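Enquirer: Here is what each chain is made of, one letter per residue.
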Amino acid sequence: MNDSKKPKIIAIYGKGGIGKSSTASNVAAACADEGYKVMIIGCDPKSDSSITLLGGKRIPTILDLIRSGVDITEDDVVFEGYNGVKCVEVGGPEPGIGCAGRGIIVAIQKLKKISKVQEECDLVIYDVPGDIVCGGFVAPIRKGLVSEAYVLTSGEYMPLYAANNICRGLSKINTPLSGVICNARNVSREEEIVGKFAEEIGSELIAFIPKEQIVQDCERDGFSVLEKAPDSEIAQVYRNLARAIMSRNKSVMANALDDERLRELTR
Amino acid sequence: MEKEKKEISIIHPRPSSIVAALYTLRDLNVDVAILHGPPGCSFKHARLLEEDGIHVVTTSLDENGFVFGGHDELVALLEKVTEMFNPKLIGIVGTCVSMIIGEELHDAVLEANLDVPVIEVEVHAGYRNNTKGVLFALESALDSGIITEKEFDRQKVLLEEATMVEKRHGAASKEYLAPSRGDVKYKVAQHIIDLLKEGKRGITIMNAKKETGYMFADITVAVNEIAKQLGVESNIVNMANIDDTLGLPRVRHHAKCIMDDFNERGIRIHHIIGGMDEYPIAGDIAGKLIEEKYSDYDFVVITGVPHAIPMESISGMEIISVTNGPRQVLPMKEMGHDYVIVEIDLHPKTLGVNNIVESEFGATLREVAKEE
Ligand SMILES: Nc1ncnc2c1ncn2[C@@H]1O[C@H](COP(=O)(O)OP(=O)(O)OP(=O)(O)O)[C@@H](O)[C@H]1O
Ligand code: SF4
Ligand SMILES: [Mg+2]
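Residue numbers (my numbering), protein chains in the order written: chain H, 1 to 267; chain W, 1 to 372.
Incorrect hints may appear among the rest.
[Stated by the list, open to error] Ranges of calculated distance between the beta carbons of each label pair, as one might list FRET restraints: (1) W:G126 <-> H:M158: 27 to 35 Å; (2) H:E260 <-> W:R47: 32 to 40 Å; (3) W:R47 <-> H:E74: 39 to 47 Å.
[As the list claims (entries may be wrong)] Some chain W residues close to chain H (C-beta under 10 Å, calculated; not the full set): (4) N64; (5) G65; (6) F66; (7) G69; (8) G70; (9) I193; (10) Y294; (11) D298; (12) A363.
Think of the hints as simulated: they come from the structure by calculation, not from any bench. For clarity, every value in this text was computed on a predicted model and none was experimentally measured. The C-beta atom is built at its ideal place from N, Cα and C for all residues, glycine as well.
Please put together the full structure from these sequences, using the hints given.
Expert: Structure, rendered in structure tokens:
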């Protein structure tokens, strides 16, 4: 399906550990269930974006292969996971060594050169690590690969602070924001706070994902919620989010809030 | 005292701190200098330094190295050069790449565990003043006991002065300085000969930066030769920064070699104005001497770093300057130097030599004098 249209290529940004990877993989699985061709590109040296789509298995990373000096073809780095989701991991150096940011740049350029899979997909998700700290972390956007950026946050102050910073960064590089996703941490008035934040920066809250133990239980076993617990309530939340993303065609240049306003919001 | 100019953004390219560190390692007499970075980094100077007898090699970090670091490559290269060149002293110089990705030079040195002392210089090319590279190299040499605290302090003062000299009237004095070939050597040579013939009294000041003195000294020699031919030898006073008791060993050696050559050619240096690394401060000493003894002289021929001679002491004379920096012409003209000559490509010809080498201007002077 969706042959004539250009693929939707998205990236989900947000504070480290806020749930970007688990959201990305669950959304990928949900979209695949709907019949879309989906690809996930993990841009984290931890290489943990696709693992729950591959039954807990790890795949060779682009940078590992580049490093070993072999000629790389598509088949060496693009693997099929749950329901046909194409999985790629960029990989990278161990913490504290080398430059992971440069690694992302090198790897996504390599991928573009050796594989056309992205163009054949309906949805491509770039799963980037933590906060934007150097140019490499926004390379998927800068290199013109990503067309839609989402921000994931909880209602806590620090994740919102990070989300706000990311919005500022995105605007600085002229990238519109397609929506805010709330991944709950069970703080009071969470949906209201994040909803207000989304509104004030000029965007919209497009999903509220509750905090559920089952997400972590599935993850521990190496699966997405969609695969392991398709009948759970949260599986339905991910399905709704997947539909929201697939049908979304609105984006705005975000207006980051000043610090004072941000504090007020979370009070 | 002139007020310090506020930092300007200079847009002409200039030698980097990495290169400055390399030259300093050379002066510290390392046998091998390792550039920890991309293969092409500082190529031109690395190549030149080989002419000076030191081996310059690179860890050749490529895209993989940028991403995964180059620790193993550096360890391997340390071992390799030790085997290949049997060095007594090794230097490692950082580059932008290795510093940005946070490489620890010291970890590699520890792992290689050589019997040879290693000077580690954590430097990149992003410093405004390239003297930073010299400073870092000296700091590291001090830490490894290769130079004394006293020498370090002395060098530090000189570096600060050198930076100031460049900011005041040198290559760092303007946002952009177009390179220039300066005045025509033939005409200036003719003019000096005319001055001598008229019985005018002149001063030669060689204020050269280290090994460049091998060529600038030739101009002192040429002026004196011609004065002798014309029978006005006594009208010339010579000054040079060739004190061979000052500076790093290699620098003292240059001073001694040049002094020996002067002696051999019968050139008397009336005043030694400092060591060969003292070009930023020797100018003041020359200036004082002139004010005290020679203020009524008619002309002065300054070679090396002419912009370090204070104008107050020489403004009454005709000033003829010889530099090896094409970007130095404009600022010196603005200072009020009447003639500025450029010895193009001087530096390469002064590496790996132990004797005065003929300069283009010296040769021109001799030719023109012959035609007389
Ligand atoms: N809605 C949720 N309910 C329960 N646990 C969740 C939920 N979302 C994420 N988690 C858990 O939070 C942890 C961190 O999530 P994840 O690794 O996806 O974060 P991340 O933003 O990708 O982190 P990083 O910035 O390090 O890449 C995981 O163990 C994940 O299972
Ligand atoms: S950018 Fe820095 S590391 Fe790269 S070649 Fe230039 S000086 Fe060397
Ligand atoms: Mg992640």
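Enquirer: Each of the hints needs a verdict: does it hold here or not?
Expert: Structure-based check of each hint:
Restraint check, G126 of chain W to M158 of chain H: a C-beta distance of roughly 32 Å satisfies the suggested window 27 to 35 Å. Judged by the Cβ atoms, the range 32 to 40 Å given for E260 of chain H and R47 of chain W is violated: they are separated by roughly 58 Å. Take R47 of chain W and E74 of chain H: their Cβ atoms lie about 42 Å apart, and the range 39 to 47 Å holds. Below 10 Å, beta-carbon pairs count as interface contacts, and N64 of chain W has one with chain H at about 5 Å; its hint therefore holds.
Taken as an interface hint, G65 of chain W checks out: its beta carbon lies about 8 Å from the nearest beta carbon of chain H, inside 10 Å. The closest approach between the C-beta of F66 of chain W and any C-beta of chain H is roughly 5 Å, which is under the 10 Å cut-off, so the hint is satisfied. Hint status for G69 of chain W: holds, given a least beta-carbon distance of 4 Å to chain H, under 10 Å. At a threshold of 10 Å, the smallest CB-CB gap from G70 of chain W to chain H is about 8 Å, leaving the interface hint in force.
The interface hint given for I193 of chain W is violated, since its Cβ lies 61 Å from the closest Cβ of chain H, which is over the 10 Å cut-off. Among the interface hints, the one on Y294 of chain W is violated; its C-beta lies about 59 Å from the nearest C-beta in chain H, farther than the 10 Å criterion. With its C-beta approaching chain H no nearer than about 61 Å, D298 of chain W sits outside the 10 Å limit, and its interface hint is violated. A distance limit of 10 Å between C-beta atoms decides the matter here; for A363 of chain W the minimum to chain H is near 51 Å, and the interface restraint is violated.
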